[in-house]
Amino acid sequence: MSRFVNKEIEFEMRREFLRKLTVAGVATLGLGSPNLLARSVEGDVRAQAATADSCIVLWMGGGMAAPDTFDPKRYVPFEVGVPVAEIESTFPAIDSVVDHIKLTEGLEQIAQVMDRATLIRSHVLPDLGSILHSRHQYHWHTGYVPPQTVACPHIGSWMAKVLGPLNPVMPAFVNIGQRLEGVGEQEELKAFTTAGFFGSEFGPLNLPFPEEAAQSVRPPAGMDVGRFANRQKLFRKLVDQSPQRDYLSDFQYESQLRSLENAYRLLSSPERAAFDISLEPAESYAKYDTGRFGRGCLLARRLVENGARFVEVTTEYVPFLNWDTHADGHTTLQRMKKEIDQPIAQLILDLESRGLLNRTLVILASEFSRDMIMEGKPGSNANDQTTEPVEHLQAMKHYGQHRHFTGASCVVMWGGGVRGGLLYGASSAERPFVAIEKPISVTDLHATIFTAMGISPQTAFDVEQRPFYATEDGKGQAATEIFRQV
Amino acid sequence: MTRGDGNKSVKRRYYSFGLAFGILFGSVFNDRAALSDEVDFAHEVVPILRTHCIKCHGGHQKEGGLSVNTRAELLAGGDSGPSVVEKKAVGSELFHRISSTEDGTRMPPDGAGLSAAEVAIIAKWIDEGAAWEPGFTFAPQTYEPPLRPRRPQLPEAIHGREHPLDRILDSWARVHGHAVPENVSDEVFLRRVTLDLVGLLPTPEQRAAFLADTRPDKRALLVDQLLADEIGYADHWLTFWNDLLRNDYTGTGFITGGRTQITSWLYEALLHNKPYDQMARELIAPPSPDSAGFINGIRWRGEVSAGQTVEIQFAQSVGQSFLGINLKCASCHDSFVDRWTLNEAFGLAAIYSERPLEIHRCDKPLGTMAQPNWLFPELGNVDSSLDKSRRLEKLAELLTHSENGRFTRTIVNRLWHRLMGRGIVHPTDAMQTAPWNEDLLDYLAVHLSDHRYDLKQTLRLIATSAAYQSQAEVLAENSESGAYVYRGMRAKRLTAEQFLDAVWQITGAAPVGMDAEVDRTRPGEISQVAGNPRADWIWSKQDASQAAAGETVAFRKVWDVTEVPELAIAVVSCDNEFQFYLNGRMVGQGQQWDVPNVVELEGVVSGQNELLVVARNGGDSPNPAGLWCEVGVKYADQRIDKFGTDSSWEWTQQLPNGDGQFLESPKDWQSSSAVNHAGIWVGRVTPQADSLLARGLHGDVRMIRASLLKSDFLMRSLGRPNRDQIVSVRPTELTTLEAIDLSIGSTLDGYLQHGARSLVSRNWTNRESLVRWVFQHALSRDPSTEEANVLAEELSWPLKPTEVADFLWSVMMLPEFQINR
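Just so you know, the protein sequences line up as chains A and Z, in that order.
Quick note: the first sequence, position 368, residue 368 per this note's numbering, numbers continuous.
Quick note: the second sequence, position 6, residue 6 per this note's numbering, numbers continuous.
None of these hints come from the bench; they were simulated from the model.
Computed from a predicted model, the values in this text were never measured in an experiment.
Keep in mind that the hints are not guaranteed to be accurate.
As the list claims (entries may be wrong) - Calculated cross-link-like contacts (lysine to aspartate or glutamate; reagent style EDC-like; alpha-carbon spacing at most 20 Å):
id : chain 1 : residue 1 : chain 2 : residue 2
1  : A       : LYS237    : Z       : GLU803
2  : A       : LYS237    : Z       : GLU768
3  : Z       : LYS364    : A       : ASP127
4  : A       : LYS190    : Z       : ASP712
5  : A       : LYS237    : Z       : GLU786
6  : Z       : LYS710    : A       : GLU187
7  : A       : LYS190    : Z       : GLU768
8  : Z       : LYS88     : Z       : GLU73
9  : A       : LYS237    : Z       : GLU793
10 : A       : LYS475    : Z       : ASP363
11 : A       : LYS233    : Z       : ASP712
12 : A       : LYS233    : Z       : GLU786
13 : A       : LYS237    : A       : GLU254
14 : Z       : LYS364    : A       : ASP473
15 : Z       : LYS557    : Z       : GLU610
16 : A       : LYS233    : Z       : ASP363
17 : Z       : LYS800    : A       : ASP127
18 : A       : LYS237    : Z       : GLU794
19 : Z       : LYS710    : A       : GLU108
20 : Z       : LYS710    : A       : GLU185
21 : Z       : LYS55     : A       : GLU187
22 : A       : LYS233    : Z       : GLU610
23 : Z       : LYS557    : Z       : ASP646
24 : A       : LYS237    : Z       : ASP782
25 : Z       : LYS87     : Z       : GLU73
26 : A       : LYS233    : Z       : GLU803
Given these sequences and hints, build the entire structure.
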């Protein structure tokens, strides 16, 4: 049940939403969004009761090495001369609150909340030649391997489109932490950070810097709130006095006014304060203040508390930075873990203490994993991506997971109806560390996420006269085992 | 009754139904007095059937033996017998089923079912005789468009409307009993056609001239005049073609060299109005690398599926852009939605392919090789023994074959859509489906080939029709849910580019540089103004090659004017930035030496005038500094003269305030020096400056247009597509996220502030004169008394920049501004 509107209103909102989706005119007029296909109307779209109302994706952009994070293997400490092939993990394993789940050193806080989580160690990704990260990220975020003949929507856009906003004044899809200008592969990043053929109504509100998020919902610099309100009044007066007011019943005319009113409603609403993380009590703020990602987690929590439907927080993908370790991997991961460990644990605890974790699905994922050596997936076409390949360690910069590996990566899911303390799937104990139990593809992982959100993986829209599904070709199968049995 | 009234009455009717339904269930349906008019099948009944019935009873579905595909089938009913008793809802099985509350009886069986209002509409529709739009069906379409061109017989003119398109449309309206939309006023026409043909708002001056024009054919003359504006036309239509040919200045693939632009070629083709068949031939069989980017598509790094190789992209792009045929389905498997097969998609791809191309179904190799094959072998085919370039030439020849009516129909349909707001075949990429009016489409298509594929002739034909010059339809949200009924043109939302150009026109805030590598020189244009010797690059000293970073100098020229010129223009370049004042008023500024700025010198007086330029050297260490300016003047008798920076310009290190006023008149004016290192600037600046000055003196100061810039945050937000795919139609609605960007985004706010400052500094007689100017420019009309009253209350006098900025914003947010109606 939504916390923001009562049951009747919610029902009406959904009806209105579905009505809009099914009105044929919306597509053929080219009004920005395609039609929901008849075969997936109301009954089918909401295949089963949702177990989550909101979704947060914690994106470890750049390729998070599973053996150094959530899937510890044999630890070999740094020592000059050690053969690289003997090293499996560069961090020792640590215990978590769940007996059978071990993580790696540096994730001590997250280890304390693994009893609320399902840990997937068998997420398998295709080998796209392992070149551009952004292509794999496109695949993970849209469910489709690029290039595609149509612009595919981000999973956040699917939620915005099919579910609509949870709180009508909050944008349904917010994307935190990723710059889209001034970074490498920016065009490729833009290609999936979009609602694609759904149209920009369902696209993200991009907030690359959490500390500046408040400015994204604030009147322009130099305009105080009073002037902002007066400007809106003047606008309304001109609308009222316009000789074109006869066109008020015109769909386009009305739609433009409605969007401007919606915008004003958010920009003048109390929920606006959610965007301002400086309003967070100092003690709480400090717990998240490990860097941009940590502050992004805080912002995500505040937005979800205020009814955001889908929020992504990324460690930011910049080629050769952060998780994209082609050299000096161990040292870089020490920093990355420091940045993510406490905020993620705090996010889970805060959601829980506010009674929101049950209905908020939090997912940590990355576009692929990494390995120390080249072997990788059998038959892989990956080239060596290490900047300084060596067979025996000579310097600290050689110590780390420097090669892309798509055979098995880790996904953690908290809350939103998933079981706590569950270990799902496993990777091989021997190299190559490919998934050997319950391999789960992007298609099936998305099916699982969509199912939790109450969206059928078979939901389809008519795009250029052919069906386009929420999961590739409508084939996604949810891993139902991870859901709590009710 | 206007169309607007008609629409309102529909809304009222729903409302009264809702009320009546609760109170008088059963009797209301025969109470015709309570109801204003008949149920509208297309707009009221079809959406209900589509929403609630066709899932099980439409298309190929026929549960319980019932299909609602056609009226006959619906009436015939299914296993439960006929579904409708003639003109009697009560007693009809259909009404019984949709209004029942019993499980097992009620239809649809799941969900909330029909609302009370929907049941009431169906009941009334049955009572009225269950009228059906002739030809409308929910059954899958089996239409196959004709290949060859067809020359329709023009019907007789009605009411003396002789224009060929009006003869077709008027006759259609008469046959179908529809009203012909009324003509629009000159001011509405002016704004509409200017935006449609050159993408700009008409200026208040253009408006005044057009309204004052008494020639009976002034509308046609205006169309000709706009189409003759080669640069305006090219700037505007570049957007359409970039979308259609997925060309851009940045994007996926460029970073890795996997993609090339066709910008220079495309712009030149538009500037010179290259015939469309020739354009197509040059795109498909490129005579030079300049137009090769289209067929070469995007070469992605890494591995791609068999359905997205460059060869298959070629087939898809050629199919979509030139024929409106969707080969995307057929690239993986035989299409389920139309007749195209996997072999045909691969056959087209094989024409382009340099390697043997193995056919793949859903990414699995089939073991057979594709043979070069064109989609319409009736016209001839491509010999597989030819080499690639010959094969492409042959394909280009077949595509543009005079007997290929689909080639011409596809493009005229797109142009009709751009001007009339909806395709004759719609969506415009679905050319495999039936047009709503074959004669109209076929006439436009043969007209294009009759006129040597001159696209401007098609635009002219449409824009000079009474149909184009008539009231736009008022659309309801579900206007498109039944069969399309032509009720006049449909209003068009401004594209991101049109919106920004319009904002820049009013605020003067257009950027100074462009990203597109295009030559914006009109064909045959005089590119130089004869006259006095060329201006010098000047500074305070002869060697300014190591001028201090941040060094700022004021230069002035005292200009004695005996005859006030009709027009005076300065072209200025300064390394690194300048503000230009005329008689104590800022008239221009610039920040990029390599993109000279055009400054209009408005307010030159008889006697002494002062040109004052504050020039600042940039950088963070010593570097070359220089200022260059040429002033061109044109007198009433069209005499042209020019002068420029030289030693008669004086300099001082004292600086004026932001209004170009010195607190104390400088006493140290000294002659400036021609610098001895001008070579570093001349090559880049002089040719541009010559052309700018020449053009400026012909009254043609060209604003940089949004189509010439890389997409930015605001343009993306307003619907400019990421051109990785062909997206030939833009979204037509402003969304909430866009509205947020427009409400608080710093980009638009910056333009508004700039515009407000510059407007406030002009010499308005009173605030009404500003209000009138803004309304005339933005909306092509005068403010109404009510609007003028509102603004008289809101705007202070003297004007305040913040209030003017808010006024501009409010006007630009009006649907009237953002929608071309």
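Keeping to a limit of 20 Å between CA atoms, is the pair of LYS800 of chain Z and ASP127 of chain A held or broken?
-> violated, 61 Å
For the pair supplied as a hint, LYS237 of chain A and GLU768 of chain Z, confirm whether the alpha-carbon distance does not exceed 20 Å.
-> Given pair LYS237 of chain A, GLU768 of chain Z holds - Cα atoms ~17 Å apart, limit 20 Å.
Starting from LYS557 of chain Z, check that the Cα of GLU610 of chain Z is at most 20 Å away, please.
-> holds, 6 Å
Under the criterion that the straight-line Cα-Cα distance not exceed 20 Å, is the pair LYS233 of chain A, GLU610 of chain Z satisfied?
-> It is violated: about 43 Å lies between the C-alpha atoms, which goes past 20 Å.
Pair hint LYS233 of chain A and ASP712 of chain Z, alpha-carbon separation not exceeding 20 Å | violated, 30 Å
Mind checking the alpha carbons of LYS87 of chain Z and GLU73 of chain Z for me, to see if they're no more than 20 Å apart?
-> holds, 16 Å
Could you grab the alpha-carbon distance between LYS364 of chain Z and ASP127 of chain A and see if it respects the 20 Å cut-off?
-> With Cα atoms ~17 Å apart, LYS364 of chain Z and ASP127 of chain A stay inside 20 Å; holds.
Are the Cα atoms of LYS233 of chain A and GLU786 of chain Z separated by 20 Å or less?
-> Status holds; Cα separation ~15 Å.
Pair hint LYS364 of chain Z and ASP473 of chain A, alpha-carbon separation not exceeding 20 Å = holds, 16 Å
Sort out whether GLU803 of chain Z lies within 20 Å of LYS233 of chain A, counting only the CA atoms.
-> Holds. LYS233 of chain A to GLU803 of chain Z sits at ~13 Å (cutoff 20 Å).
CA of LYS88 of chain Z to CA of GLU73 of chain Z, is that 20 Å or under?
-> Given that 20 Å is the threshold and the Cα spacing comes to 18 Å, the pair holds.
20 Å limit on alpha-carbon distance, applied to hinted pair LYS237 of chain A and GLU793 of chain Z = Between LYS237 of chain A and GLU793 of chain Z the Cα gap is close to 11 Å, so the pair holds against 20 Å.
Checked against the numbered hints above, the structure breaks hints 7, 11, 16, 17, 19, 21, 22 and satisfies the rest.
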